[in-house]
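Visitor: Using the sequences and the accompanying hints, generate a full structural model.
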Amino acid sequence: MAQWMREYFDFSVMLGKPTVVFLDNWLDIDKLKQEMEQFNIKNSLVYHSYSKDYDAFFGNRYLIEEINGQTNLYPCWTLLPFDISPLNNPQDLYEDFKKYNIRSVRLFPEYHNFLLEGEIFSILRSHPNLRLVLVELTYHNSRNLFPLLKDYPNVSIELSGYIPFLGIEGIYKRFRAERMFFGSDLPLKSPGATIFYIDSRVAINDKNSQNSRVFCKYSSYLSYSYLGNIYGLSTCPIS
Amino acid sequence: MAYQLVQLAKNFPNVKFIMGHTGGDVWFDCLEIVKPYSNIYVEPCSSYADRDKLRLSIDTVGLERVLFGSDFTLINPAFVIGMVEGGNLTKKEKNAVYFENAIKLLKGGNDA
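Protein chains in written order, with the numbering used here: chain A, 1 to 239; chain B, 1 to 112.
Please note that a few of the clues may not be correct.
The following label-pair restraints were derived from C-beta to C-beta distances [said to hold, decoys possible]: (1) A:F82 with B:R55: 39 to 49 Å; (2) A:F121 with B:R55: 38 to 48 Å; (3) B:R55 with A:D28: 19 to 29 Å.
Derived lysine to any residue pairs resembling SDA-like cross-links, with alpha carbons at most 25 Å apart [stated by the list, open to error]: (4) A:K33 with B:N88; (5) B:K92 with B:K10; (6) B:K92 with A:N101.
No wet-lab data here; the hints were simulated from the structure.
Quantities reported herein were computed from a predicted structural model and do not represent experimental measurements.
Glycine included, every Cβ here is placed at the ideal spot set by N, Cα and C.
Guide: Written out as structure tokens, the structure reads:
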């Protein structure tokens, strides 16, 4: 589609058929490729529906098989706390990260019924190189989000849900583009909405293109840090 | 809410109704519920950019009954424009949704 002129790194994509499918919205590799081509998305960070809906251990490995050979897809594993996921002991997981080049993980504390509040703040303080990216935000989060971004420089946001009027501008003015990532939340959401939202803000506000770092193909340089019972993201070029 | 709106549409056939957000989270079901009532229009804006919402709205209730709404100033209008732009609509369909349908509606044309 001609209007999507910029190249994008999609930070939030679910691969595979989820337990509950709405309007046949799920992606195998071929469907994902079509979506990426349509919206000029050059790279995607993907997690697997099986790891969220069925079993994290199984789904994570299934993801590696599914995207094998797809150089523009980067794996994102789903993690659970070790005391409810005994198959994943920390050392084995760390070795798997190295073996499969896993540089990002995704947590679903609400969906998987574990608490993260409280603990996450001490982790962010004690591991300043850990990059935590908040996903599935809404405009309701603004009042808490800005203090969080101010107090924790290692916290960033993914933009598919954070769409209030002047939302991007507000974060850009205070915290710059490095704190924002483009994510589509495919296959549930339309990539066009977030892309057009970001692009329109860039055209108005940032002629020097500083904000292009929000969505350019190098925006998701990820690495991982071992944190005991939580893994997260930290900035480091993908080799 | 959709059934209440349908009741109103039946009771007041000469009044045109706009279903904001196409009913919200249950928009797909709402489309089917309001489909037979040509005096109910749908407006698909949302803080959640459901894939295929525009396409299915047009295919279900008809192009002339789909209006553009942004929820401005709560939501950035560009977000909903992006839903239209990324919704696999033809140029004719986009023009109708963005502008022409609203003009017809407000000028009294396009009678049910």
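Visitor: Each hint should be assessed against the structure and marked as holding or not.
Guide: Evaluation of the provided hints:
1. A:F82 with B:R55: 39 to 49 Å: This hint holds: roughly 44 Å between Cβ atoms.
2. A:F121 with B:R55: 38 to 48 Å: holds (43 Å)
3. B:R55 with A:D28: 19 to 29 Å: Holds, since R55 (chain B) and D28 (chain A) (Cβ atoms, about 21 Å apart) stay within the stated range.
4. A:K33 with B:N88: holds (16 Å)
5. B:K92 with B:K10: violated (30 Å)
6. B:K92 with A:N101: violated (47 Å)
Consistency note: the structure conflicts with the earlier hints numbered 5 and 6.
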